[in-house]
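Q: Heads up: the sequence lines are chains A and B, in that order. Numbering-wise (my numbering), the first sequence opens with residue 9 and increments by one. Numbering-wise (my numbering), the second sequence opens with residue 4 and increments by one.
Worth flagging that the hints you see were computed from the coordinates, not collected in a lab. The structure presented is a predicted model; accordingly, all values stated were derived computationally and were not measured. Possibly wrong hints are sitting among the right ones.
Claimed, not checked - Example chain B residues on the side facing chain A (calculated, C-beta under 10 Å, incomplete):
{"id": "1", "residue": "Leu-21"}
{"id": "2", "residue": "Phe-29"}
{"id": "3", "residue": "Tyr-41"}
{"id": "4", "residue": "Leu-42"}
{"id": "5", "residue": "Thr-43"}
{"id": "6", "residue": "Pro-69"}
{"id": "7", "residue": "Val-199"}
{"id": "8", "residue": "Thr-250"}
{"id": "9", "residue": "Thr-283"}
{"id": "10", "residue": "Asp-342"}
{"id": "11", "residue": "Thr-382"}
{"id": "12", "residue": "Val-385"}
By construction, the Cβ of each residue, glycine as well, lies at the ideal position given by its N, Cα and C atoms.
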Amino acid sequence: MKVKQWIQRINYYACVIGMIFLLPLMLLTTGDVLGRKFLSKTIPGTFELSEYILAVFILLGAAYTQQVKGHVGVDFLTFRLNPRLRIICQILTTLLSLFIIWILIWYGYLEGIRERTVSDMLRIPQYPFRLLVAIGGFLLWLELLIDLFNLIGKLRRKGIP
Amino acid sequence: MNPITAGILGSVLLVFLLFLGMPIAFVMMFVGFLGISYLTSIHAALPVVAKTVYETASHYPYTIIPLFILMGGFASSAGITRELYETFDKWFRRMPGGLGIATIAACAFFAALSGSSVAASAAMGTIAIPEMRRFNYAPKFAVGVVAAGGTLSFLIPPSLGFVVYGMLTEQSIGKLLISGILPGILLSVAFIIIIVVQVKLNPQLAPATPGDISFKEKILAFSGIWETILVFFIVMGGIYLGFINPTEAGAIGATALFVIVLLKKRLTLKNLTVSLLEATRISVLVLFLVAGANVFSYFLALSTIPMAVSNWMAGLQVSRYLILSIIVLIYLFMGCFLDAISMMVLTMPVIFPVIKTLGFDPIWFGVICVIMMEAGLITPPVGLNIYTLAGVVKDIPMQTIFRGAIPFLIPMIMVVILITLFPQIALFLPGMMGR
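Next comes chain B alone, as it looks inside the complex (with noise of 0.2 Å):
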């Protein structure tokens, strides 16, 4: 059996064991392991498992990954969603369907301070769709809005997506979490002119929202959003400029939060435990998929499949475009079966060598993709938000939300359109970075 054979088998044995339900970081190790004692030695296999999960494990960029997912553990303690949602609020309650677009800005602002989309859904779910809905909101409208609003955590940074996606590629971190900025705020702008399409179109979704609010009390209501801005700046700011590196940003964007929880008097032993508990269960889940990863890509490695597929990609003769719409339509399908982060763990090694081969920018497909992670959150059978906002809104069935969720997908394609035709929109900040 020559490599590439092998590395075909082993892939099908994957995708296999994927389906009948072993968890996606255990898969990875074991067929890596088999693979890589069948293409060497049984004696080369046996500790690349236990290498791979220490040198992950001890890996310092990686201390990020704890750190982003605290900021947003730390501000939803602080009560800081409830203070977003309502400024938004009160600056666009005039507006069709005002209170979904106070939702989109107040998800993108706490998207600002963290990097988990589970949170923001979590937060948003319990505060925005009672409002919503006590405002003879449809239902399928107000959990869409807070199901696709709670995607953008995975774009704007901090974001886990980009993180991970720098991991598998070796980019940088930093200029990858920057480059989501400008995307982030276009598809928070197309999230709201989808809103207000929708309400146009059928009145009935959203009905206008009485009572008047005072230029003053507009201005007042801005003491809600001063603390996330100021976090973001030091945060954002602190990498743009080459100040500090993104695992110190995050440590930084952590002690802030920390303080505003104590300053506000909100720190209970409970908030602590819950915040800490759900850093450490998605890092464990992250990290150990990468290992995973790193422990299947050495096998494919040496399998020499991702050579081989690059190589005939290259020589196809295709416009490299259309060679892209069929990643974006593979990531759209798996987005469907898939976790966000498990998708992009086990399409990378593949998919990434083809991309540079292609003459694309790393950094430019690293958002490319982080969109395309974001529409999985919501797609049918398998969508995460769906499934966190299912949890907090116990009586509107699953179908319901996946159903007012759908029509944010048509944002997110548009703009992923979009950046392709105008890569700038994310590479111009990264581009003027300090480093």
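This is chain A alone, in the form it adopts within the complex (with noise of 0.2 Å):
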């Protein structure tokens, strides 16, 4: 139970830190604005930083919002099934999930390590981004495997009927 408390810590403050972020985003953008309308001056660079900076935000508060439970499903119709059977068909639709995000994570790191591409004004590479779905992704998968560990934990515990 320990590791699982671990991984649940770790995608908290990854959430954290992205959700950091948010504060200079504002700012960045307001005094953009500000800047444009009474000074005729631009912070360089904010357009491709604001974009970067929603990537980070998103994709490293992924794993938080399943945690929290966020990515909303439809669960009217299972809460209606007997606990064993709505069990089972949440471990199905976990383990369909684990393989989606999989591929996100896999190919996510091979699109990563190839790109090569720089932002326009500030010359940031963008492939810490792009390999952040691979990362975010990852914890992702992680808090999706705590889920599925719980679910058998679960089904064992209801014993057999």
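Fit chain to chain and form the complex, with the hints in mind.
A: Below you can see the structure in the form of structure tokens.
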């Protein structure tokens, strides 16, 4: 159980790191507009920095969102099933989610290491942000894995009806 | 198997997995991936998910989503909700159902600062419901008013609903946001009318509130709303006049509210963490849904289903308003089971081409869609606003909240009909915009 708590803590802090960037994002854009209107000067690279910040924020937040069950699903039908059948449905859908997120990680990594583009103004390379798809995806995958183990545990505790 | 059959099978699998409870974003990615592999090749399909996720997560216009949610979070931290409620309580106290009217007005003004309806219901739930119960309002009525009022955040800009619609249909987000202003005011007035009608029919629902408010007090109460009006005019005025794009408007609005929180000395680490976590959770949810929808739409486009459906619809010898009514009914029905954003994300790839083929204005349809999504927030058995409120007022059962909210579906439908009869209500303001 220790490992599980470690993963969840890492995912929470990953999300915190990402979300702190929202404040500079907000101030950067505001500064850019104020500069443009009142001083006829813009902050170079606002546009591309905003894009990179959004990527950091979303990709690092994906696992935490799963932790608080923020990726919505339709559960009013499965709630009417008997508990055992419900858990089996959840195990099945979690396995499928693990599968598709695995593909996300795999190709996120391949696309990331091949990426050679740099941003237009500040020449910031794009590949570290592309690689975040694999990293964020992997954290999300671990979170789903925790869900899977919890479900299997529940199924065992329920025993054979 | 021809592409259309594959598309239909894919859609059936999608619905099946959806009802098994798989997160909607992952279902769309999964089925989209299978479909693309089948219709092209596995090598073409493998990179699609990773590419789409990165492109969605780094698309500049989408930065507007966390910023709009932050606006609502900061507005709550600044205590603006309570100030709005107290002001409108002073102004409307003497009217039948006065506290209910004050709640709707406060929700409408809060909606002018917040993009998310959950923030509105939660904030108003903790302020308005205890107050209405203190004056012996029927609990069913009190919670119904707040549940309905909270949905206004979806229509009155800044609004997440329009942003998502604009993202999915490639329409101007600025125009969509502006188009929500007049319908939003209209719907707020319609909500107030239904409150007055209900109280006139059954005075037990809302006994008159005792106590007179002097004219001077009413004037002084204005101090509770000027911040809201100021921020709204900076944000929406900037978009309307073409000075700033919607994303910049979101950043300026969030910064302005952040400064207000600082000036009021209400900034705590806890407040800030709550606002930021909320912004993260909703933004990730929305952008993963949109990424999923993009993968799934790619598959649907390969299957040629959207084209076949629109051609078939266009060939039907019936009034386009009949088809529109059917679409609205479908949304009303789906809203009972799906959350608003998922509903839009799931249906738009097929519905939007149909709307365009039928010659309806895409901005106008955005308004109709957003109102239908609002209805979905309060219809049983799944209504996000109802769930939120049930979390805030623990002693009122969920069924009671649903029953209290149902009468408010009538004004929503009436407004949809009015806007269909007079599309200018939605299109007048965006038509005059700078760009």
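Q: Could you check the structure against the hints above and give me the numbers of any it violates, in ascending order?
A: 3, 4, 5, 7, 11
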